[in-house]
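2 protein chains.
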Amino acid sequence: MHVVEMRSVMKRQIINSPDEVVSQALEGLELCHGNMIRYDSIGGIVCRRTPARDKVGVVSGGGAGHEPLHAGFVGHGMLDVAVPGAVFASPTALQVRAGTVAADSGRGVVQIVKNYTGDVLNFRIAGELATDDAIDTRIVLVDDDLATDAGDAGGPGRRGTAAVVAVEKIVGACAEAGASLDDVAALGRRVAATSRTMSLALEAGTHPGQRRPAFQLTEDEVELGVGIHGERGIGRAPFDEADALTEMLVNPVVAELNLARGQSVIAIVNGLGGAYPLELSIAARAVHRLLDARGIRVARMLAGSYVTSLDMHGFSVTLTTADDELISLWDAPVRTPALTW
Amino acid sequence: MHVVEMRSVMKRQIINSPDEVVSQALEGLELCHGNMIRYDSIGGIVCRRTPARDKVGVVSGGGAGHEPLHAGFVGHGMLDVAVPGAVFASPTALQVRAGTVAADSGRGVVQIVKNYTGDVLNFRIAGELATDDAIDTRIVLVDDDLATDAGDAGGPGRRGTAAVVAVEKIVGACAEAGASLDDVAALGRRVAATSRTMSLALEAGTHPGQRRPAFQLTEDEVELGVGIHGERGIGRAPFDEADALTEMLVNPVVAELNLARGQSVIAIVNGLGGAYPLELSIAARAVHRLLDARGIRVARMLAGSYVTSLDMHGFSVTLTTADDELISLWDAPVRTPALTW
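So the sequences go chain by chain: A and B.
Numbering-wise, the first sequence is residues 852 to 1192 according to the working numbering.
Numbering-wise, the second sequence is residues 852 to 1192 according to the working numbering.
Keep in mind that the hints were calculated from the coordinates and are not lab data.
Here a beta-carbon is modelled for each residue, glycine too, at the ideal position from N, C-alpha and C.
Be careful, since some hints might not be right.
Said to hold, decoys possible - Some chain A residues judged to face chain B by a derived CB distance under 7 Å, without partners named: (1) 866; (2) 869; (3) 870; (4) 874; (5) 893; (6) 894; (7) 1136; (8) 1178.
The whole structure should be built from the sequences, with the hints applied where relevant.
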């Protein structure tokens, strides 16, 4: 077994300067979708072009490098405001506070936070600061990454990954429908609690301005349980056909959620940046077949690159245990740059 | 200058077998978007779940490997039927005939064809066969690729690339609005005639089941004018920042279309498969700034991976000279797996 020669590769990016990647990309996003979103470069936030009125505000954010997350999900039926940090770095508490203020229309704000130390800290501080602005906030923590589940061993807990799409979609629909702050937050926590994700990569991503991927693999292995910030996973598994790779992701998620015959799920087959549509559609087919064989109903399925890690070549599978209420909120109209129906 | 070591890389894919890539991906697409589309594996076509009535049918197709094109654009406001070939290979005339029959609701069918010898031949034969079914057809040829413009020198003419998205969107809207067969075809030809595209790649794509990219580049050059089937371009240019790379694409297109101050365009910044969202948004910003500096109005802009070449790392810029009629048809509602507004 030898290290793939790819590891000495020079990776290149279509960027100007690494320092300007995030701000220039957000300018570009607004230039494409100016009817939906507005980029406030001073506050460092992305808002709806036309702010919503008289509803619970929904704000999310985190490091960049995961596009279209989160700015691509700002719009009717999903987020009111996204707060982007630098690549793989938390936004500041002041940015989150500005985003929380912008998201508020008098009924409080739900903050959807992926479970990373910096994000959690800065959203908490921002929530405290928001009380000075007389804004009531609730945090919904997303911690779906099964690879980082330490059980009762303590530690920072599971990381937040692609389940954030399900949480943002369903919470956004619930807020749009006029629910109260506590009800929206409770629903978001329920979605997070019943969602788990498992991921794998064939090739690591490369940070803007750098020339080598974050880690190396041999040509007959894949990295199982990778994070979305270049973190290595929980181990290597043999490279295999798509159906077998997908099974390595689906099985532990089904076991952890205790999914049984007759239950329904919402499935997200998420590309990590370097997977292309043919690959993701083939993985989606595999997810459906694996669940179908167990008598689990795939009520809704989304396949695409939604929570990426720059150009990492790999994918994740997220399952959310779904009842009629969640499916109905999932189906509610949404109109954002990256998700519209 | 030395060849990048990347060239000896083993590229891997999330697939089962190369022979089943297209059919399994189409099954997966239907499993995700079964409310919009239906994959007929016998006929080898992708149709709307609910066929439209009493309108001109719109069918397109061509080799696979360019996803989401074309199956991702089947649905209300765009295509009635997509006819996918194998990877980089034309669909058969019998497939196209089946697609044409399925697209017809009594008012004839417009066939949108990218200019490649095999596609043109098989769509022409299918059009002749369709007369046996008493279906009137018109071909709209898309030939936007400036890199293959041989002027008056003859030959097969310019290839069809990302302008097919503009043609399919606008033709689809026009057909949906109830226009006649000749009017829909004439409009499609006008869009094609006023659209040009230029592309570049930092890294070639790799065919499913193969292990090496289609061609090699040194680390300080890009391939200018690449095709979408692994074809090399018209030459190499120095690797540079995103703004400079984008200018290499925008300048020749502006010159060819004779765009002048005060004119409006629809711009498509198209990822070729391996470009990730941050890169495409930065390129979109550059397109907007370059055109703005010339007094050309970007009426609408789309940035994303729509006409790909497997995992090729690169992008193209398509400009379509736009008047109020085209912009209004562009804005008309569309509801497909890959494009919805």
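### Message
residue 894 (chain A) was flagged as interface toward chain B. Is the shortest Cβ-Cβ separation under 7 Å?
### Response
Hint violated; residue 894 (chain A) Cβ to chain B Cβ min 19 Å, cut 7 Å.
### Task
With chain B as the partner, please determine if residue 870 (chain A) meets the hint condition of a C-beta pair closer than 7 Å.
violated (12 Å)
### Task
So, residue 866 (chain A) near chain B? Judge it on the closest CB pair being under 7 Å.
holds (5 Å)
### Message
Less than 7 Å between beta-carbons is the criterion; does residue 869 (chain A) satisfy it with respect to chain B?
### Response
violated (11 Å)
#### Entry: Given hint residue 1136 (chain A) near chain B, where the shortest CB pair must fall under 7 Å
At 4 Å from the nearest chain B Cβ, residue 1136 (chain A) passes the 7 Å test, so the hint holds.
#### Entry: chain B contact restraint for residue 874 (chain A) - C-beta distance below 7 Å
violated (10 Å)
### Query
Taking 7 Å as the limit, does the beta-carbon of residue 893 (chain A) come near enough to a beta-carbon in chain B?
violated (18 Å)
### Query
Is the interface hint for residue 1178 (chain A) satisfied, with its Cβ closer than 7 Å to some Cβ of chain B?
Violated - the Cβ of residue 1178 (chain A) stays beyond 7 Å from chain B, reaching only about 13 Å at its closest.
Going down the numbered hints, you'll see the structure goes against 2, 3, 4, 5, 6, 8, while the others check out.
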